[in-house]
Each structure stands twice: as C-alpha cells, then as structure tokens.
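2 protein chains.
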Amino acid sequence: MTFSFDLLGTDGAARAGTLHTAHGDVPTPTFMAVGTAGTVKAMTADAVRSTGAKIVLGNTYHLMLRPTAERVARLGGLHKMMDWPGPILTDSGGFQVMSLAKLRKMTEDGVTFRSHIDGTAYHLTPERSMEIQHLLDSTITMVLDECTKFPATHDEAAASMRMSTRWAKRSRDAFIPREGYGQFGIVQGSVYEDLRKESAAALRELDFEGYAIGGLAVGEGQESMFAMLDITAPLLPTQKPRYLMGVGTPDDLLGSVARGVDMFDCVMPTRAGRTARAFTSHGVFNLRNARFIDDGRPLDESCSCLCCTRHTRAYLHHLIRAEEILGPMLLTTHNLTYYQSLMQGARAAILENRYAAYCEKTRAGWEDAKNG
Amino acid sequence: MTFSFDLLGTDGAARAGTLHTAHGDVPTPTFMAVGTAGTVKAMTADAVRSTGAKIVLGNTYHLMLRPTAERVARLGGLHKMMDWPGPILTDSGGFQVMSLAKLRKMTEDGVTFRSHIDGTAYHLTPERSMEIQHLLDSTITMVLDECTKFPATHDEAAASMRMSTRWAKRSRDAFIPREGYGQFGIVQGSVYEDLRKESAAALRELDFEGYAIGGLAVGEGQESMFAMLDITAPLLPTQKPRYLMGVGTPDDLLGSVARGVDMFDCVMPTRAGRTARAFTSHGVFNLRNARFIDDGRPLDESCSCLCCTRHTRAYLHHLIRAEEILGPMLLTTHNLTYYQSLMQGARAAILENRYAAYCEKTRAGWEDAKNG
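As you go down the protein sequences, you meet chains U and B in turn. In terms of the numbering used here, the first sequence has 340 at position 340, counting the first letter as 1, and numbering is strictly consecutive. In terms of the numbering used here, the second sequence has 353 at position 353, counting the first letter as 1, and numbering is strictly consecutive.
Calculated directly from the structure, the hints in this document are not laboratory data. All values reported here derive from a predicted model rather than from experimental measurement. Backbone N, C-alpha and C define an ideal beta-carbon position, used for all residues, glycine too. A portion of the hints provided could be inaccurate.
Said to hold, decoys possible - Derived contacts from chain B toward chain U, CB cut-off under 8 Å, selection only:
1) Gly38
2) Lys41
3) Arg74
4) Arg310
5) Ala314
6) His318
7) Glu324
Stated by the list, open to error - Derived DEER-like restraints, expressed as beta-carbon distance ranges:
8) B:Ser4 <-> U:Gln344: 42 to 52 Å
9) U:Gln344 <-> B:Leu8: 32 to 42 Å
10) U:Ile293 <-> B:Gly296: 42 to 52 Å
11) B:Gly296 <-> U:Asp173: 26 to 36 Å
12) U:Arg74 <-> B:Leu8: 46 to 56 Å
13) U:Gly365 <-> B:Gly76: 23 to 33 Å
14) B:Met1 <-> U:Ile293: 27 to 37 Å
15) U:Thr309 <-> B:Asp155: 49 to 59 Å
16) B:Arg66 <-> U:Glu352: 21 to 31 Å
One chain only, chain U, in its complex shape (with noise of 0.2 Å):
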C-alpha cells in the first residue's frame, strides 16, 4: 500500500478525495478527532468508530512526557496501545511546547523546555521529533516547525518561516520512509503573502506526501484565516493532500473546504462536550441551560448517534447538572458525530457539485439555534 492521494471531484475550489495509507482509506474533506494522550477524551475507540471517524490525532509533546514514546513503542505503537487500527496523525510537538511547556528557549538547533507535568528538561530538534513520531509508529508524521506568533512584522515573519523551512529540511532528511506512511510540510508565512509563496515553494522542493497550512487561526480572525487560504491553497500540488492545523468550527470548517482544504484537526468538538455545548443542525446549545430541564426531544432529530437516538435533552440537562460523566461521554460522541456528517455531508455535495447550496442550507439551520 503506498501513501497516495485521490482526487475525484471538485467544485470550484473545493475537493473530494480518498487518502489511501498503511492503515486504511480515509474519504476527504476529513475532521480528525483529537486523541492528546492517546485518547479521544471521554471516548473509547468504539464510541470514536461510532462517530464515522476514520483518521485521529496523536500529539508529540504530551506523549513524549507520558507515557513516552519509547514506552508506547514497546507497548507496539499508538494504534495498538489506543485501540486504533486505523490512520493516525501526529504533530510534531513544536506547537505545543510554545503554549505549555515551561522555561523555553529556542535556537536554530531546536527547543529546549521543561515539562508541564514535572519540570524535566527537554531538548527537541527536528531529527528528535521525527524519531518520536517513528517511535510512536504514526501514519502521517508532521515536520517540527515554529507556529510563527500573531500579530508578527513582516521581519519577524520571515526569519520564523525561513527557520521553519530549515528544519522541514531536516526533518524530511530524518523522515524514515515505510511502505504507506507519510510526512507533511507545514507552510508558515504569517499573513504575508509573498512569505506565505516562499514557503510553499520551498516545501514543495522537498516533495512530501502532504502539506499542512499552519500559522492560522492564532487570533487573525475568520476573514483573514480564509484570505491567506485564497493565497495559499492554490500554490500547493493539486494531487497531494492538504490540511489545515487546528480549525475549528463547523463554519470554519465549510470555509475553508470551499477554498481547498482536505484534512482538518480541533479539540472544539470534544473540548465542547467536555463543557455541555452542543454543535447540531439547529446551531450551538448549551444544555446546562435552563430551558432543556423538560425538554423531551432529542439533542438533534438529524443526527443518527448513540446521545441522539436514546436519549433527550432533558436528561442531558440533568447529567450536566449533575455533572455525572456521562453527560460529556453523550455530548463528546455527539459533536464528533456531527463534525463527521458535516464532512460527509460535504464530500457527497462537492462530488455532485451543489457543495455551495449545501453550505447555505447548513448555515441557514445554524440560524435557527433559538428555535432549535
């Protein structure tokens, strides 16, 4: 099984494909449901198959501290420690480290920190991160870059982005290649433009099995986060896979498919069923409102999950309040599910070409949240 890349349709800029890896297909645009430590939060692998989930994410940085790689690696890699036979994608930690971990210091090297957890030092170099994403036996492998801060000068933009693509060098020289796994270059560039082309360029000198759009939705707000992928998209290969790092809502989601994007990656569903929201058809809900206490209809009549067809908002109003651990194991596989209809959704629209009636239909029943 070679790593490769379908495209079989588009609309407009749109794209509706199939990633063929070493440990399944996954139908595109895709949302992958994030698995931090080796666990979709509040979720067993079933209830995360359940949800049409066919990619989770892996992250570097809490792995490396615990259990760390070389354990899971014992422990015969992430797929079988997590119950997860299927693909698995893991950052590079490089993100991570600059929002949590302690004492940072950075050099063209690497990244030495402390760890969260227990103040233990450190050092991350790009050949360090390849080798833990080895360890961890990951399908797609992401390139250690810097996630350049927002607002940043043009100046600051540059030397960030341009050490960045040394190290996607580096990184794609540590890459241990098998049959059907991949490695992804991350395009850096802030909101600049010509930066944004430098390292598209560079990137894809270096040939990787796909490209990921990082530096977005890091405070520049939707609008921007969607110019700088009118920018970007296009100057990435037609035929190779691209994904967007750490977006984001269902309208976000529809934006940026509609300019290009095929992977997608957020902690919002699950870190919202952790917090009694609730993404439907009819719009975000927060259940720990008042107004679901003898509310007898299911979360979302369109939905066909396990929190949708057994149970009603009263009673996830009432496990909320009453903080019982169920409410956010219903309300995590509720999200999930609807990030996955929502991709489905979009991948069935775009091979019909009616992806933008498909949008307007989604967005007008956001709408109606206060009738919902």
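Following the hints, put chain B in place on chain U, whose structure we already have.
Just chain B now, with coordinates in the frame of chain U:
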C-alpha cells in the same frame, strides 16, 4: 407477565433461580449495578449491558431531588430516560436521607430533611416514597424503612425495627400493584436474633414479592454479617427472592450467596473504577501503582470485557496518571463485568452442586494478587 421467582437449584443454602418481571428476566444470584442519579457512573447504557448486567438500581433520594420523580415520569419513566428497558430496582430514599441530607428530623409520620444540593425542604413518608417509586416506573419498589444505626442497644434496635415494620405496612398499603412489578419488605433488627425473627415474621404477614435484609454492612464486620445472614435467611420464604442491601466485596458476595442471598447492590465496583482500583481474578489492583507502568498484559486475562481484550495494564496506568476520563470508563466496565462474571460463575456452580469448590478456587485466585 407475573412478577415471580423460580428457584431452579440449591447447593447447601446457596440458591440459583430466575426472577421474572415486566421488564425481563434476571438469573440469580445477581449483582445490580448502581445507577444513582439515572446513570451508572461513567457508563453508557450499552456499556452496562455489555458487562452482562440484567438489572440496575436507582436511588430515590437522588432522583427525587434532581431531576424529580414528576419530571422523570413526564419523560416516560426511568427506563426510557436512561435507556435501560430492563428491570430497575429503586431504594426507598430512607438510607440516603440519613447519610446525605441535612437537618434531618424523623417522626412516626416520616422524615423531614433538607436537600444536600440546595437546601430545599422535603418530607418523605412511606406513602410519598411509594408514589415516587411509582412515578419513576420502578420494577421493584422498596418499602421505606429506617436503617438501624450500628451499634444499637437491644432497646434502640427494637424501637427502630418496630417503626420500620409499621412503615412497611403503610408502604404495602400505598403500593399500587402492576403486572410484573413487585415490592420488597426489609428485615431489620440489627445484630439481635430475636428482633430479626420478629421483623421477618411481621413482614411475611404482608406477603411481599421479595425480601431484603437491611441494616447490615454498616460497620459490624463480615463475621457478624454472615452470622446474621445464617439467622435471617432461613426466616424468609423459600420461593421469594432475597436481597442483601449495599453489599459488598467479591468475598462478601460469595459468602452471602452461600447463606442463601439472591440479589446484591453496591457502589464498590463503580466507585473503585473511578479511583484506579480493579477487581480481578488475581485480587484487587491499584492501577495507579508504578509497577504497572510497563506491564503489557491485559488487566485480567480471563475477562472478556472491552478493557481486558483491547488494552494493557500499562495503558490503564497511563490513563490514570494523565487523569483521562477513559481510565474510569474502562475500569468501571471491567469491575462490573467482574462482578457479573462472579455471579454467573456462582449460578452455574450452584446448579452443578459444586459451589464450595467454586468459592475455594475463586478465593485461591485472589491470593495471587502480588503475582497477578
């Protein structure tokens, strides 16, 4: 469907049978998973079913406070609300009023208390407890009684038991019979043989569908508890199910089944699952212990649950250290499966007249905890 009990076999005082109810059959001896607030903590209803559970318990005290019995009734009853169409036994609320509520005041009429959640005042009488359990659509309703404190003098125990007997009569009068539904009386009398006899005789006059043994597992120790079971069980009708309330450890269950008990409930397997403890055929493990950090074996190689067939002890240890919700989810699944398997094994052994050997072999396995 009449509510009835078929005694299918005995081995010494141990009994194997089948309880027939409006909501399905329950092979006995059986362990009832505790679903306090309308959910077995950290478990979907499907997960509870996967453990082999045939009947669950709901707590009247918790449910009357939140979401309230009237609201549960409007939502179609507890079975529908929690996705458990099978049999449900509810307690009377009395025990938890005494252990959880504030400003309790007991009179001949009933007990007045304030909610531990928001201080709201309630008055619980035998008649109101029966009404609440009816609204919940409980398959098995328990009479309201006073769980006699331990230790109690003979005079205190006698006065308490006699009030419980008067409340049992009022509970029987207030119970609304429905086809396939039943009501259980509760024998009290502390550790006094004459009082247990008086209580049992009075309750037999009321011809309940089953009989519970209350006021045990309240600090008297296993030896005293077993001594009281030796005295009390023979006082109860052979053809009615016998339920030992709030018990206990796997060893308590084996010893109580040997003395003629058919039904149990206890928070132990679920609570232990949320605090890193696992009941296994090799004894009790604390998965937080560092000795499991590299243990690639299943938690219990003889168990067929999701936790044991898909994951390692090292992964469970990791989940607990990382405070991931999946840890309690998997350990609760395992612990409940272990309790169900223990009861299934007991039933099979009783029917084949090898119950003593079954207990001996099971207890020998627990001694292996250190090497497990």
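Here is what the structure says about each hint:
no.	hint	in the structure
1	Gly38	holds (7 Å)
2	Lys41	holds (6 Å)
3	Arg74	holds (7 Å)
4	Arg310	holds (4 Å)
5	Ala314	holds (6 Å)
6	His318	holds (4 Å)
7	Glu324	holds (5 Å)
8	B:Ser4 <-> U:Gln344: 42 to 52 Å	holds (49 Å)
9	U:Gln344 <-> B:Leu8: 32 to 42 Å	violated (50 Å)
10	U:Ile293 <-> B:Gly296: 42 to 52 Å	holds (47 Å)
11	B:Gly296 <-> U:Asp173: 26 to 36 Å	holds (33 Å)
12	U:Arg74 <-> B:Leu8: 46 to 56 Å	holds (49 Å)
13	U:Gly365 <-> B:Gly76: 23 to 33 Å	holds (27 Å)
14	B:Met1 <-> U:Ile293: 27 to 37 Å	holds (34 Å)
15	U:Thr309 <-> B:Asp155: 49 to 59 Å	holds (57 Å)
16	B:Arg66 <-> U:Glu352: 21 to 31 Å	violated (48 Å)
Hints 9 and 16, counting from the list given before, are not met by this structure.
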